[in-house]
Every structure is written in structure tokens, then in C-alpha cells.
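Q: Those protein sequence lines, which keep their order, are chains H and S. Everything in the first sequence is counted per our numbering, starting at 81 for the first residue and increasing by one. Everything in the second sequence is counted per our numbering, starting at 81 for the first residue and increasing by one.
Hints in this document: simulated from the structure, not taken from any laboratory. Mixed in with the good hints, there may be bad ones.
Identical copies carry no separate label here, and so any pair may be met within one copy or between two of them.
Claimed, not checked - When the alpha-carbon atoms are kept at most 25 angstroms apart in a straight line, the in silico DSS-like pairs for lysine-lysine are as follows:
{"#": "1", "residue 1": "K236", "residue 2": "K246"}
{"#": "2", "residue 1": "K200", "residue 2": "K273"}
{"#": "3", "residue 1": "K83", "residue 2": "K170"}
{"#": "4", "residue 1": "K139", "residue 2": "K238"}
{"#": "5", "residue 1": "K238", "residue 2": "K183"}
{"#": "6", "residue 1": "K139", "residue 2": "K273"}
One letter stands for each residue in the lines below.
Protein chains: 2
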Amino acid sequence: MTKQVEFVFDVGSPYSYLAYHQLSKIARAKGAEIVWTPVLLGGIFQATGNHSPIEIPAKGRYSLLDLQRWADEYGVEMTMNPNFPINTLKLMRGAVAMQMQGKDEFDRYLRAIFEAMFGKPRNMNLPTEVDTVLQEAGFDPGAFMALVSDPVVKEKIKSNTEHAVKRGVFGAPTFFVENQMFWGQDRLHFVEKELDCRSQ
Amino acid sequence: MTKQVEFVFDVGSPYSYLAYHQLSKIARAKGAEIVWTPVLLGGIFQATGNHSPIEIPAKGRYSLLDLQRWADEYGVEMTMNPNFPINTLKLMRGAVAMQMQGKDEFDRYLRAIFEAMFGKPRNMNLPTEVDTVLQEAGFDPGAFMALVSDPVVKEKIKSNTEHAVKRGVFGAPTFFVENQMFWGQDRLHFVEKELDCRSQ
Numbered sequence: 081m082t083k084q085v086e087f088v089f090d091v092g093s094p095y096s097y098l099a100y101h102q103l104s105k106i107a108r109a110k111g112a113e114i115v116w117t118p119v120l121l122g123g124i125f126q127a128t129g130n131h132s133p134i135e136i137p138a139k140g141r142y143s144l145l146d147l148q149r150w151a152d153e154y155g156v157e158m159t160m161n162p163n164f165p166i167n168t169l170k171l172m173r174g175a176v177a178m179q180m181q182g183k184d185e186f187d188r189y190l191r192a193i194f195e196a197m198f199g200k201p202r203n204m205n206l207p208t209e210v211d212t213v214l215q216e217a218g219f220d221p222g223a224f225m226a227l228v229s230d231p232v233v234k235e236k237i238k239s240n241t242e243h244a245v246k247r248g249v250f251g252a253p254t255f256f257v258e259n260q261m262f263w264g265q266d267r268l269h270f271v272e273k274e275l276d277c278r279s280q
Numbered sequence: 081m082t083k084q085v086e087f088v089f090d091v092g093s094p095y096s097y098l099a100y101h102q103l104s105k106i107a108r109a110k111g112a113e114i115v116w117t118p119v120l121l122g123g124i125f126q127a128t129g130n131h132s133p134i135e136i137p138a139k140g141r142y143s144l145l146d147l148q149r150w151a152d153e154y155g156v157e158m159t160m161n162p163n164f165p166i167n168t169l170k171l172m173r174g175a176v177a178m179q180m181q182g183k184d185e186f187d188r189y190l191r192a193i194f195e196a197m198f199g200k201p202r203n204m205n206l207p208t209e210v211d212t213v214l215q216e217a218g219f220d221p222g223a224f225m226a227l228v229s230d231p232v233v234k235e236k237i238k239s240n241t242e243h244a245v246k247r248g249v250f251g252a253p254t255f256f257v258e259n260q261m262f263w264g265q266d267r268l269h270f271v272e273k274e275l276d277c278r279s280q
């Protein structure tokens, strides 16, 4: 069995965007496979009593600087979405639905959505704008709406979220290497270290 | 003028303890001088609406792991104080008072107090235990009580805290290199980078 790193994420989280751009490189370098776990960060906050940093105004202002410093350090293009926070319920149901479609669909979907969130930001609170982003990435908005309305998909994102909370998740991004949990893209060096400790 | 890094801290903050152990090394390596700014983290939380991580149970549990990972990474002896959280009002008034006494007193005081908080933890909620720690570090508890009862000292820790909030501080440890603010011991690499950008 290949060693694994699990990525618990919500596309609405800017630090998840930063992690998304680093994790593939890390996984490749460490010979690890990424297990993708889409969750609803809002649901996690509600279940744990945690809050978004932006709810503390001084912390929210600082976060903008901090995100930019990390983006510069990584050499990743990042622009805070001016429409932040964005309700990601449909987008995350979409992530689950695309996972069920297959790896190629999932990869293409995630790349397009993260890019539209924090690469070259679009107003993803507008359904018409989401449709445009989907079309540009080669997806049919009508078929997408049918997929995300599937009760199995709706249930799956809910159970992913509940299961994450049960395992101690309180924010995003969160990583697991076996039973070891790491919170925040700023802990990726600990994730790398943990992967080094796993023989295969 | 030597370049400076300002350290905004409360001895009750375990991440401040970690920063305290790294900052002298960093300052020395970068040819920078540390400006010590004792504050009351409780006052900062109150003024900004921020909270201690331990108020979110899942975050509190994770923090214990995270602190240990950093301590291991730095090779710093650290044990979470079983009496945490500790009311640090008198201890932080003490830090201000010792700063007024002189550099040697301040250094010796801070070393002893941080050690008693998170090195080899003592119950610093007990005034008798604080007295013992002070005596062991060569301070007279009676003289200390007189110092921390001085209205000038009381006012100074209050104004330090208010001034920090005005500059955008919402947690501890916080660092400033000129007008650039960095929050968290996990941002010390950004502090190093910023010091590198300052010519002198």
C-alpha cells in the first residue's frame, strides 16, 4: 500500500487554496498519494464552536497580509476574492460529485474552482458566474446542477463533514497522515516530516 | 541605529514561550536588537473580540500536540502547565517593573518566569509558589510585591496593551519589524526575512 496524506478542504478557505498548490508537489516528492476529503467548513465551525478569522476584524485584516506573504513565499498567484466569504455548499457538493465521476473530472473541476476563488477571483456567489466558470472548464452547467442535486451527493458532503469533526477537525485545511492530524497550510513541513517517518 | 525586532508577549502564552526561546538566536544571527513589550493577552482578547484557542475544545486538544511538535523541532524543553490558563496580571506587571530595574534583572526574571510556566511548570496561580520561584531566581518577594503595586507599573502594562491593540495586535506572540506585523511563533521565518531586508 502506498503511503497517503489526506487533505480535508473547502474551496472557500484561502489557506486551503495555498495548501492545494503545495500538496501535489509534497506528495510527489515523498512518494505519497493524496486522499481528497471535501468538507463544509461552515458545518465544521458550527459543530466545533470555531469561527472564521475574519470574525475578529483585526485578525481578518492581518490574514490578508499573511496570505500574501505565503503566496509570495510559494510563488503562487493569489488574490483575495473581493466577494469573500462565499457560500460553497453547491461547489463542495460539486467536488463530491466530481470525485464520483472520476479522477480527471475531479482534478479539472478543482483546478477551475480554486482558480476562480483565489487565483483570478470571480464572484462565485452568483450562480450565473459559477455556470460560466464551469463552461470554461468544459463542464455542462445543466448536468452539473443535476449531479449536485443528487441526494447521495448531498449526503456524502454532510457525512464527510461529520466524520471530520469526529476525528478532531475544527478548521481547514487539515491533513492526516494515518492518525496524525495537522491543521493549517503552515504545518505542511510537519506533514512532510511525518511522511518521511512512514516507510511506504 | 541597530535594526530592531519588537516582541509583544505574555508569559501566560505557550507560543510566546516557544518564541522567547528562538528570538534571541534569530536576533543575534541577524544583528538585530530585541525590543521587549510585555502585554496582557487577556486585555488584548477583550479589546479585539479574539479568544484563546482553548475556548474551542477541539482546537485546545490539537494545540497540545502542535506545541509539542514545535518544541521537538526547536529542541526546546516544554511541558504544558497543568494549571493553564494562569492569570498573569501580577507576573506581567513584574515584567514591566523589572524592565525599569534594568536589563540584567529583566533577563533573569523573564527566564525564571517562563521556565516556571512552560519549562518545568509550577502552579503560578498560587502566590506562595510565585514567591518561591522569585526567591530561587534571587528576587525578594516582598520587594517584588512593592514594585508591582506601583501605579506607574500598573499604568505601563495597561498602556502597552492598549497601544498594541491600536497597532493591530490581536494575539501573542506578535512581532514588529518597523511597521510590519507578524503574529505567531510560526511566522518567525517571515520575521527573519524581514530583518534581512533591513540594511542595518
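Q: Hint by hint, say whether it matches the structure.
A: Status of the hints after comparison with the structure:
1. In this homomeric assembly, K236 and K246 come within 25 angstroms of each other (Cα to Cα) only inside a single copy, at 15 angstroms, whereas the closest approach across copies is 45 angstroms.
2. In this assembly of identical chains, K200 and K273 lie within 25 angstroms of each other by CA distance neither inside one copy nor across copies; the values are 32 angstroms within and 27 angstroms between.
3. In this assembly of identical chains, the alpha carbons of K83 and K170 never lie at most 25 angstroms apart, being 31 angstroms within a copy and 50 angstroms across copies at closest.
4. Taking CA atoms no more than 25 angstroms apart as the test, K139 paired with K238 passes between copies only; the shortest distance there is 21 angstroms, against 29 angstroms inside one copy.
5. Taking identical chains as interchangeable, the C-alpha atoms of K238 and K183 lie at most 25 angstroms apart only when both belong to the same chain, with a minimum of 21 angstroms there against 57 angstroms between chains.
6. Proximity of K139 to K273 under the C-alpha cut-off of 25 angstroms is restricted to the inter-copy arrangement: shortest distance 22 angstroms between copies versus 29 angstroms within a copy.
Taken one by one, the earlier hints fail for this structure at numbers 2, 3, listed in ascending order.
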